[in-house]
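Line by line, the protein sequences give chains A and B. In this text, residue positions in the first sequence follow this note's numbering: the first is 1, and each later residue adds one. In this text, residue positions in the second sequence follow this note's numbering: the first is 1, and each later residue adds one.
Accuracy of the hints is not assured; some may be wrong.
[To be verified] In silico SDA-like cross-links for lysine to any residue, where the CA-CA straight-line distance does not exceed 25 Å: (1) B:K349 / A:D229; (2) A:K145 / B:D455; (3) B:K349 / A:I335; (4) B:K362 / A:I335; (5) A:K349 / B:E343; (6) B:K349 / A:K145; (7) B:K362 / A:D229.
Just so you know, the hints here were simulated from the structure itself, not pulled from any lab data.
There are 2 protein chains.
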Amino acid sequence: MNKPLFIKIKEIDNVAIVVNNNGLPKGTIFDNGLQLIEDVPQGHKVALNDINQGQAIVRYGETIGYAKRDIKQGSWINEAVTQMPTAPELHELEIATKKVTPLPPLEGYTFEGYRNKDGSVGTRNILGITMSVNCVSGVVEYVAKIIERDLLPKYPNVDGVVPLTHLYGCGVAIDAPAAIVPIRSIHNLAKNPNFGGEIMVISLGCEKLQPERLLKGTHDTIPIKLANDDLVTLQDEHGFKAMVDHILRVAEKHLQRLNQRKRETVPASELIVGMQCGGSDAFSGVTSNPSVGFASDLLVRCGATVMFSEVTEVRDGIHLLTPRAIDEEVGKALIREMQWYDEYLAAGKVDRSANTTPGNKKGGLNNIVEKAMGSIAKSGTSPIVEVLSPGQRPTKKGLIFAATPASDFVCGAQQVASGITLQVFTTGRGTPYGLAMVPVIKMSSRNIVAEQWFDLIDISAGDIALGKATIEDIGWRLFHLILDVASGRKQPWSDHWKLYNPLAIFNPAPVT
Amino acid sequence: MNKPLFIKIKEIDNVAIVVNNNGLPKGTIFDNGLQLIEDVPQGHKVALNDINQGQAIVRYGETIGYAKRDIKQGSWINEAVTQMPTAPELHELEIATKKVTPLPPLEGYTFEGYRNKDGSVGTRNILGITMSVNCVSGVVEYVAKIIERDLLPKYPNVDGVVPLTHLYGCGVAIDAPAAIVPIRSIHNLAKNPNFGGEIMVISLGCEKLQPERLLKGTHDTIPIKLANDDLVTLQDEHGFKAMVDHILRVAEKHLQRLNQRKRETVPASELIVGMQCGGSDAFSGVTSNPSVGFASDLLVRCGATVMFSEVTEVRDGIHLLTPRAIDEEVGKALIREMQWYDEYLAAGKVDRSANTTPGNKKGGLNNIVEKAMGSIAKSGTSPIVEVLSPGQRPTKKGLIFAATPASDFVCGAQQVASGITLQVFTTGRGTPYGLAMVPVIKMSSRNIVAEQWFDLIDISAGDIALGKATIEDIGWRLFHLILDVASGRKQPWSDHWKLYNPLAIFNPAPVT
Ligand SMILES: [Ca+2]
Ligand SMILES: [Ca+2]
Ligand SMILES: [Ca+2]
Ligand SMILES: [Ca+2]
Ligand SMILES: [Ca+2]
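So that you can see chain A by itself, here it is in the shape it has in the complex (with noise of 0.2 Å):
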């Protein structure tokens, strides 16, 4: 048997996980004396002393839930245990408080890109085709087929072609309050600099969002101008065929021009890096977030723009958020956002303790409370310098809070929406995540994933747990993999196998 190992990450944490696979059988005594009362499984926490009934359990620094009857020293500590905590009041935060000594800049960084004319540097060079509706779906995916099999041979330079799919456009209720984000969404996901400009739009003709509406976009958005032969209307078309052949002409001549581009070398500065977990477990918080939060405090010192996201994993961190924020307006944005989630939650008369999973909670994730610590371990330590409304783009660089739903499929949309370049994925249980518009990193959390999943998994933090390696080494190790991610110098496995979601869209509006 292994050597039995607990993590306890602040020092007045009366709680710590169990290392090692399988967990541990009672009567497990550790190097510093602690006995198991009862079987622990891995992941889970013990009570590293007695805890009262009512009194604090604290993982993090932070209290996590508080004991709902005196709980023995050496104890497992589980769900049937713990009363959850309410969550933070929004109204008594504290607002840029902290005050962050800045780490020193990191010079001297590259990656090779694409550089476009709006001066973004994208990390692919893909030509995506925008729709304005999804009654043109089924036209549009034949017609990528098509130019996969047909066209792209001819220009080698262009990594693909993408349908930028959505359930939106018609059938929705399209001037209700909610309906800005998916317009914005739909909008900027078109200007995503992996995209190059070449901006194609696919109509039906009696859609509700209509092209001229999408392209001048919603008050927070830069108005796409759009050539005039850049826009395919079906209902003008005479018959499927026309259609297929309207679109492969138009679809042709972005090509072309894609094909032009060239990867040149160009500042880390110019990486926009979005950050997400998903099936998430207790060793989340411990090894794979936090060198996601190290990595994420690289690339902001070399100037790049990094986005954490997922409102319903952060909601209970808030008050660890707040004071990082660099000044009154971007905490009160932060307030704004979570604020506008509880009131979304409500309207479906649920609260953000419908985050949590069975795979969290047999992955020792308690709650939404220890989830979220877990969670927000990505943001790393700079100070967050903006927050945007699902869909938004970014004005600055370094941290930035982009507010999504957790959901895995729903934050990857809306962050490309929001323009990165490269998304970080990290997973506690396993999961084959991918994008077709970014390259995705798939970091577990333990090696045990990594290995089982040898062909899906990129990257693992597990030898953190173990004490092989810290979470500075894991941070550099993938700060240099998205670096190479990045240059097209490695390739992960979801482009690998090209193995990706469908686009998942956030309407939180009703449809009609």
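Assemble the complex: chain A is given as a structure, and chain B with the ligands must be docked to it using the hints.
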């Protein structure tokens, strides 16, 4: 120039619509002496007499609006001069008051269908792959391509493989009251008769919608008994290639059984046909939808099941439907579904007026009231024998109201979940709609659309507007086409091109 024509529907109507392509110019004199005092576009309304400010504008014998100002005979009646009426109050409706003398039964009509063990009859022979969560969709799509390429040629009696993709299963508020809709729908989707009872489920492992929960379903579903080896859990697999191989093995077992299925002659009473309209114009309610209504009556007379749907398009005609309820219970269920949708829309700060599209308006439909009158024509004249909440399966034969959004994609997915084996889709403006699970017959309201989209539209009802055919003629033609397509004797255009919508399951609950 063609002879000027208008269509007046009911004797008491004070408006009629212009039939001629491209509309009619000011000065046009009709056979009855009516003279246009301004240009009127095709499908748009002309005032048959002077209508004073505040007076009702009547079409279909119903008030579709009130005159905002005095309107002279021969004027164009557009949105600008029309005040929309309020929706019918739900607490003062007549229920089951209209005792319809049943039309005589139609005997002897049959089709060639696939009889299932549970007694249901399919019109196609398809392997449907159920997923408990969106996270597995990339893998399932990957495998489906391999099945198509390598396995289907070995099983020539199988028509295809369809990944039952959805955006549900995790990152959702699974205990929200409205979560019953997607859970029930994904559950019942697996039971669609076209899949022959050959159910296999792909799960990730850590998702909220655990396979047990999906298979158990909701209080109103019949639990699915799944063989142990028909569940593949990706987190249990040793890497991606192992996942693919495992899914292929399970798929092949089902393909072998599906390949044994043979079409046999069954009575038309075994049909379950869904009716939907999309991209409607002013002709939809005059030509295509009444023809669908006539065919619906024919099907009901054969003892078959017919579903109509689209709550927001029924809401303003609900006072015409509750009297047609077979009994008090069905009438109350109709009202319950309207009420649910009123509240759903109100939670999103909109109302039923959010339905009409720019295309509807361009096509002559001023508002949702006028659109609704045309939409409910699809229901024919039969009594309404049952009402289904979204995704429920019918327990009766005859005319059924299956509550769904009007959104084409969502209505399609929900009707498939409710068990339709064929859909009739009428369109005014034209849309390249198609479903992978059931054949879709697309009918246009005008000949010009069928001529322009000659390789997409299966049948036109346009001759009705020209006086060259009656509603009965086209209704019978559609009825025979339904039997031919159900039997596999005729292939609709969507199947010819394999032009299919992404499956859009209705999730009225929040994402998290
Ligand atoms: Ca997460
Ligand atoms: Ca996530
Ligand atoms: Ca990619
Ligand atoms: Ca409709
Ligand atoms: Ca519809």
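query: Does the structure keep K349 of chain B and K145 of chain A at a Cα separation of 25 Å or less?
result: Violated, at roughly 40 Å.
task: For the pair we were handed, K362 of chain B and I335 of chain A, check the Cα-Cα distance against 25 Å.
output: Status violated; Cα separation ~43 Å.
message: Hint check: K362 of chain B vs D229 of chain A, CA-CA at most 25 Å. Holds or violated?
response: 23 Å, holds
message: Would the hint linking K349 of chain B and D229 of chain A be met if the CA-CA limit is 25 Å?
response: Violated, at about 37 Å.
field: Restraint status (C-alpha distance of K349 of chain A to E343 of chain B at most 25 Å)
entry: 13 Å, holds
field: Straight-line alpha-carbon gap K349 of chain B to I335 of chain A, limit 25 Å
entry: 22 Å, holds
- prompt: Under the criterion that the straight-line Cα-Cα distance not exceed 25 Å, is the pair K145 of chain A, D455 of chain B satisfied?
  reply: Holds, because 19 Å separates the two Cα atoms, which is no more than 25 Å.
In summary, the numbered hints that this structure violates are 1, 4, 6.
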